[in-house]
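Peer 1: Let the sequences and hints guide you as you build the complete structure.
Quick note: the sequence shown uses full-length UniProt numbering, first residue 1, plus one each step.
The hints are simulated quantities; they were obtained by calculation from the structure and are not laboratory data. Here the structure is a predicted model, which means the values were calculated and not measured. Any given hint could be a false lead.
Unchecked claim - DSS-like cross-link-like pairs, simulated, lysine-lysine; straight-line CA separation at most 30 Å:
#1 Lys174 to Lys104
#2 Lys91 to Lys73
#3 Lys102 to Lys165
#4 Lys44 to Lys91
#5 Lys91 to Lys104
#6 Lys114 to Lys97
Unchecked claim - Across the chosen pairs, the derived CB separations fall in these ranges:
#7 Pro41 to Trp183: 44 to 52 Å
#8 Lys111 to Glu45: 30 to 38 Å
#9 Gly89 to Ser55: 18 to 26 Å
#10 Lys114 to Ser55: 33 to 41 Å
#11 Ser87 to Pro167: 52 to 60 Å
#12 Glu70 to Thr98: 33 to 41 Å
#13 Leu105 to Trp183: 47 to 55 Å
Using N, Cα and C, we set each Cβ at its ideal position, and we do this for glycine too.
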Amino acid sequence: MCSIFQCFETNPKKPHDLVEATVSLSFSADLKNFSVRLVHPGRKEELFHYAVSASHVMQKYPGMCIATPEVFKRPHVSVLSAEDVLSPGDKYYLIPKTTVRKLKLKWLQKKKEKRLTRVDEESNSKPAEISDTSGDISMDSVGSAKEFYYKRCDYEKESGMKRKKKPFVPPINKPRTRKGFEWEPGLPSIEEVSP
Numbered sequence: 001m002c003s004i005f006q007c008f009e010t011n012p013k014k015p016h017d018l019v020e021a022t023v024s025l026s027f028s029a030d031l032k033n034f035s036v037r038l039v040h041p042g043r044k045e046e047l048f049h050y051a052v053s054a055s056h057v058m059q060k061y062p063g064m065c066i067a068t069p070e071v072f073k074r075p076h077v078s079v080l081s082a083e084d085v086l087s088p089g090d091k092y093y094l095i096p097k098t099t100v101r102k103l104k105l106k107w108l109q110k111k112k113e114k115r116l117t118r119v120d121e122e123s124n125s126k127p128a129e130i131s132d133t134s135g136d137i138s139m140d141s142v143g144s145a146k147e148f149y150y151k152r153c154d155y156e157k158e159s160g161m162k163r164k165k166k167p168f169v170p171p172i173n174k175p176r177t178r179k180g181f182e183w184e185p186g187l188p189s190i191e192e193v194s195p
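Peer 2: Encoded structure:
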């Protein structure tokens, strides 16, 4: 890759320099295919020309996790453990542990939303039988406890029974009380007599 920059710095108009540049570009592309590509959070790439253990990279970058490129779609599966080996020709991401936790939480929330929409669609196809006006759901319309609780949540949403969020009230600033004595001078004051 150094030859690429040297070619263009010397004189890019010479034909042999351009040929050398295209050769070195293809060589660097081949080099990426045969090396481990580790992408840092700032999109900086680090190349290893051999297989590297994940534990070695994790020791080099504490607080970071290594993941495959599908980490943003399936974070539970794509995060590598310390025993895994990074094989040449593959691309890996170096991600902070906090980001991995956030991705996993988002993935779980999306999964719950899909499950809720599926239950909503099923409940729309089979209307729930209400036994009396208090809103109790009859046992004939419920197949499992899971359906019972989802239907109850839907009922609470429709009727407005769900608790509303309280607005944020900042804490009142109280003046600090001093626990110790204040400093007092220890020497007696001197009075001067003027002549």
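Peer 1: Could you say whether the range 33 to 41 Å given as a hint is met by the Cβ separation of Lys114 and Ser55?
Peer 2: Cβ of Lys114 to Cβ of Ser55: about 35 Å, so the range 33 to 41 Å holds.
Peer 1: Given the range 47 to 55 Å, decide if the beta-carbon distance of Leu105 to Trp183 lies inside it.
Peer 2: With Cβ atoms ~52 Å apart, the hint holds.
Peer 1: Take a quick look at whether Lys91 and Lys104 sit within 30 Å of each other, Cα to Cα.
Peer 2: holds, 21 Å
Peer 1: Holds or violated: 52 to 60 Å for the Cβ distance of Ser87 and Pro167?
Peer 2: Check passed, 54 Å falls within 52 to 60 Å.
Peer 1: The hint says 33 to 41 Å between Glu70 and Thr98; measuring C-beta to C-beta, is that right?
Peer 2: violated, 20 Å
Peer 1: CB of Lys111 to CB of Glu45, is that within 30 to 38 Å?
Peer 2: At roughly 32 Å between Cβ atoms, Glu45 and Lys111 fall inside 30 to 38 Å, so the hint holds.
Peer 1: That 18 to 26 Å hint for Gly89 and Ser55 (C-beta), does it hold up?
Peer 2: holds, 20 Å
Peer 1: Holds or violated: Lys91 and Lys73, Cα atoms, limit 30 Å.
Peer 2: holds, 16 Å
Peer 1: Quick check on a hinted range of 44 to 52 Å for Pro41 and Trp183, using CB atoms only.
Peer 2: holds, 51 Å
Peer 1: So if I understand the rule, the pair passes when the alpha-carbon distance is 30 Å or less; does Lys174 with Lys104 pass?
Peer 2: violated, 41 Å
Peer 1: Holds or violated: Lys44 with Lys91, Cα cutoff 30 Å?
Peer 2: holds, 12 Å
Peer 1: For a C-alpha distance cap of 30 Å, please report whether Lys114 and Lys97 respect it.
Peer 2: Given pair Lys114, Lys97 holds - Cα atoms ~26 Å apart, limit 30 Å.
Checked against the numbered hints above, the structure violates hints 1 and 12; every other hint is satisfied.
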